[in-house]
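In order, the protein sequences belong to chains B and U.
Counting in this note's numbering, the first sequence runs from 135 upward without gaps.
Counting in this note's numbering, the second sequence runs from 73 upward without gaps.
Simulated from the structure, these hints should not be mistaken for lab results.
Ideal Cβ placement from N, Cα and C applies to all residues, glycine included.
If you anchor each label on the Cβ, the simulated ranges turn out as follows:
#, chain 1, residue 1, chain 2, residue 2, range
1, U, Arg274, B, Ala161, 43 to 49 Å
2, B, Glu249, U, Thr96, 43 to 49 Å
3, B, Ala352, U, Ala145, 52 to 58 Å
4, B, Ile417, U, Thr260, 25 to 31 Å
5, U, Phe82, B, Ala260, 32 to 38 Å
6, U, Leu85, B, Ala260, 31 to 37 Å
7, U, Leu443, B, Ile417, 55 to 61 Å
Where chain B lies over chain U, by a calculated footprint (3+ residues, C-beta under 8 Å):
#, segment
8, 88-95
9, 106-114
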Amino acid sequence: MSRNAEAALLVGAAILAALGTAIVTAAGGDRPDAQTALTFIIMLAAFGSLHLAFRQWAAEASPYLLPIAALLTAVGLVEIFRLDARAASLQRWWLLIAAGLGIAVLFLLKRLGIEALLRYRYLFLAGALILFLLPLLPSSWPLGGVEVNGSRLWLQLRVFDTTVVRFQPAELAKVLLVIFLASYLASRHRALSTMTRRLGPLSMPEPRQLFPLAAAWALSLVVLVYQRDLGASLLLLALFASMLYAASGRLSYPLVGAGLFVAGAVIAAQVFDHVQRRFDAWIRPWDDFADSGFQIAQSLFALGSGSLTGSGLGLGRPDFIPSATTDFVFSAVAEETGLAGSLAVVAAYALLVAVGFGIALRARDPYRKLLAAGLTAAIAIQAILIIGGVTRLLPLTGITLPFMSYGGSSLVANVIAIVILARLSHEIGNSASPSSLAVASQLRGKGNAK
Amino acid sequence: MNTPIRRLAFVLLAVLGIVVLNLTYLQAVAADRYRDDVRNPRVAADRSATERGPIVSREGIVLAQSTPDPRSAQDFIRSYPEGELYAHTVGYSSLLFGDRGVEDVYGAALSSGSDLTISGIIDTLLGREQGAEGVRLTISHPIQQAAARTLNGQAGSIVAIEPATGEILAMYSSPGFDPNVLLGTSPTAGDALAADPQEPLRNRATNQILAPGSSFKLIATAAALESGTANPDTAYPDLLELPLPGSTSVIRNADRDVCGDGVSVTLATAFRRSCNTVFGQVGIDVGAELLGETAAAFGFGDEIPFDLAVVPSVFPTELLLGDPAATAQSAIGQRDVQAGTLQMASVAATIVNDGVVMRPYLVSERFDRDLNILEQERPVELRRAISPGTAAVLVDLMQDAVANGTGRAAQVESLTVGGKTGTAQVPGAAPHAWFVGFAASEDGAIAVAVAVENGGTAGEAATGGSVAAPMARQVFEAWRAER
Numbered sequence: 135m136s137r138n139a140e141a142a143l144l145v146g147a148a149i150l151a152a153l154g155t156a157i158v159t160a161a162g163g164d165r166p167d168a169q170t171a172l173t174f175i176i177m178l179a180a181f182g183s184l185h186l187a188f189r190q191w192a193a194e195a196s197p198y199l200l201p202i203a204a205l206l207t208a209v210g211l212v213e214i215f216r217l218d219a220r221a222a223s224l225q226r227w228w229l230l231i232a233a234g235l236g237i238a239v240l241f242l243l244k245r246l247g248i249e250a251l252l253r254y255r256y257l258f259l260a261g262a263l264i265l266f267l268l269p270l271l272p273s274s275w276p277l278g279g280v281e282v283n284g285s286r287l288w289l290q291l292r293v294f295d296t297t298v299v300r301f302q303p304a305e306l307a308k309v310l311l312v313i314f315l316a317s318y319l320a321s322r323h324r325a326l327s328t329m330t331r332r333l334g335p336l337s338m339p340e341p342r343q344l345f346p347l348a349a350a351w352a353l354s355l356v357v358l359v360y361q362r363d364l365g366a367s368l369l370l371l372a373l374f375a376s377m378l379y380a381a382s383g384r385l386s387y388p389l390v391g392a393g394l395f396v397a398g399a400v401i402a403a404q405v406f407d408h409v410q411r412r413f414d415a416w417i418r419p420w421d422d423f424a425d426s427g428f429q430i431a432q433s434l435f436a437l438g439s440g441s442l443t444g445s446g447l448g449l450g451r452p453d454f455i456p457s458a459t460t461d462f463v464f465s466a467v468a469e470e471t472g473l474a475g476s477l478a479v480v481a482a483y484a485l486l487v488a489v490g491f492g493i494a495l496r497a498r499d500p501y502r503k504l505l506a507a508g509l510t511a512a513i514a515i516q517a518i519l520i521i522g523g524v525t526r527l528l529p530l531t532g533i534t535l536p537f538m539s540y541g542g543s544s545l546v547a548n549v550i551a552i553v554i555l556a557r558l559s560h561e562i563g564n565s566a567s568p569s570s571l572a573v574a575s576q577l578r579g580k581g582n583a584k
Numbered sequence: 073m074n075t076p077i078r079r080l081a082f083v084l085l086a087v088l089g090i091v092v093l094n095l096t097y098l099q100a101v102a103a104d105r106y107r108d109d110v111r112n113p114r115v116a117a118d119r120s121a122t123e124r125g126p127i128v129s130r131e132g133i134v135l136a137q138s139t140p141d142p143r144s145a146q147d148f149i150r151s152y153p154e155g156e157l158y159a160h161t162v163g164y165s166s167l168l169f170g171d172r173g174v175e176d177v178y179g180a181a182l183s184s185g186s187d188l189t190i191s192g193i194i195d196t197l198l199g200r201e202q203g204a205e206g207v208r209l210t211i212s213h214p215i216q217q218a219a220a221r222t223l224n225g226q227a228g229s230i231v232a233i234e235p236a237t238g239e240i241l242a243m244y245s246s247p248g249f250d251p252n253v254l255l256g257t258s259p260t261a262g263d264a265l266a267a268d269p270q271e272p273l274r275n276r277a278t279n280q281i282l283a284p285g286s287s288f289k290l291i292a293t294a295a296a297l298e299s300g301t302a303n304p305d306t307a308y309p310d311l312l313e314l315p316l317p318g319s320t321s322v323i324r325n326a327d328r329d330v331c332g333d334g335v336s337v338t339l340a341t342a343f344r345r346s347c348n349t350v351f352g353q354v355g356i357d358v359g360a361e362l363l364g365e366t367a368a369a370f371g372f373g374d375e376i377p378f379d380l381a382v383v384p385s386v387f388p389t390e391l392l393l394g395d396p397a398a399t400a401q402s403a404i405g406q407r408d409v410q411a412g413t414l415q416m417a418s419v420a421a422t423i424v425n426d427g428v429v430m431r432p433y434l435v436s437e438r439f440d441r442d443l444n445i446l447e448q449e450r451p452v453e454l455r456r457a458i459s460p461g462t463a464a465v466l467v468d469l470m471q472d473a474v475a476n477g478t479g480r481a482a483q484v485e486s487l488t489v490g491g492k493t494g495t496a497q498v499p500g501a502a503p504h505a506w507f508v509g510f511a512a513s514e515d516g517a518i519a520v521a522v523a524v525e526n527g528g529t530a531g532e533a534a535t536g537g538s539v540a541a542p543m544a545r546q547v548f549e550a551w552r553a554e555r
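Please put together the full structure from these sequences, using the hints given.
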């Protein structure tokens, strides 16, 4: 595949978004109007400019990354428009902003090199921690946290008591944290994989090497308890465990991490009512249908009503689903496009996993490998957590579905992640035009780089 | 480092695979269960987006209607303006509690105009707007109101029929309920009604059978007259107690006295005064088989063909063959004989209609949005139950019972009224009070059955003559006022 094929796919995604918008408008009994044209133009402008930037500064980058992101964004835009036209027009602006920031990041990476990220890693760590904890600021301050649906995830900027913008800083923190962890773990992966101590049946490295794991555990519990956000907490922990495992090859890290989290969560469930309620709603949603089980039940009703082929765009009732443009956007898509549509969305994330990890496998040094694997894992874990949550596979959590949920912070963060992945794949060099066959064989075969 | 990265990729892909399996289960295997769950708001939305046609009374009073929902342009709200009065006949169409009554039986016609007649299919093909059909009942609103007023919450039911056609003029079951409370998405009110030991949701007029007591003497008399076993002037010994063959038990009269002079009494006198000793003997003379045949001719043992489902009345002939004692008790409407209110109203209507059983019906016509009649119900003769001669004799006997006997309280000035009371003994509880009769003027008639469960508020003191007959009079007066 070439850049030209990428361009064609991006035009296809823009047509898909425009067509979806037109169908939704027609289903509402109106003639397709400026909204359809605007959707097409903005999709084309955002992804077209990213495409041109790729040609300029990441010419050898994998051509799969942008089309997958564009496809998911298009499906999300259509469903958001179907539910809330005002939100869709805001999301279009956010898409342009995300594209602009993505191009800026790509330019900086080209000028300074990926190594620049290494140099400022503690700055990234500090930034990530601050961003994570910002929503704990008092909501009465001009820049303060705000509680939505029982979770304190949002930061809002207010001028004269008018909310100017709301932002979910954890989304961006996630990317910063992956950058930090990649450089931190890359420099220490030998120490981490050398087991010098034994604790019962478990081999242990030097205790001081365990500091990052302990810090991760502590941070995820702080998020769980104070921000009441099981989703961000689980995402953080799974991301830490994944990257520690990738760096060390020791399964004990994810196992101990999971064990610690379960222990922490069990205690939290005993002590904190809101955690208990989340678990109850997961295990027995029908017992407390009217209250804690209501959201997940509405999601399951939507999925069942969608059945195999869906109600058709604009013809279902996703307006019955709470938070349908954000946490539950997947359920809304699944209702209107059926199993066919919902599996297509999951397939797109699976493809992104294959492409992202393909880049990681072929990257030339541990730092680049961990960065690519971490960014891909972050997107994949987040998608799994929220799709699993709205389908009752996992406890329901309030995080966004990458590229699809309404929300500027999420879109910006994920576009930046894609841009970094693109730059990483560009740096691999000439071999960086992998066919899907090559990706598969990379995943299957014994890797040649260590 | 590639090996753990590769494994991590596989784990993430495997988890996505589990997500796919779970989605397939939810959207393919279990989809119907979630789609049709009554708590799924889409189910209610589909209902409320369907306009149902109106149900109106004989006079055109609206009993059920769909009005546009002020909160949502394409939705409708179903309501029952007369509330409790027609709760069992009109019924309800409820998301949580299902459909009942005319709302159920005529649900297809009410909820869409697209019928499967040739013209309906052509209209559909031509894209003509058909709209929901309306349904007109045969029930006369003032008579229905009189029935409700006179029962006044006591457990029981009243059915009134126009004898010549079989049209139901009133069908009321008590205690009732307000069907409007069943329409929402909250089950609280409906669950309370379903759990109420008084069973307000049950339509006692069609779905309850009780011992008919002496009102069954109409059928015993019909059997005796029809078979020639007796005529009104046939004399019977006037006994204090009728000894029952092959049994130690006896049959006594309700007042534990003789019927007439203590020597001999005619069938006519015994009918007027409702003497059990005589009718026990009539039952023995006629025999179980003939009693059973006559009861069956009136409709016992079969589900009455009616708009709503009807529990069949029971005359257990097989149990009585070769058992004259049980046959004697059955002839006075005790033991295992059980009758429904609609059935007994039909008995009275048949007698007034010269012995021909008309099919009772509740819906007179279906009409479209422009009030054009789409289909009109016609009276249907089911069969002849008794000869015109027997019917005429019974009419005379019934008039005598109201003019001079147990049914005096049913008398209405300026109408010809006849009937038979019943006071059915219930072991361990107060008796059921019955009145089965008719009223007639020069240009028409009305047949009525009143059944009051366990005596109503009168309790142990209740008799058919004191409790049920005055209720029948209220219905007759309402009918007269309408003419």
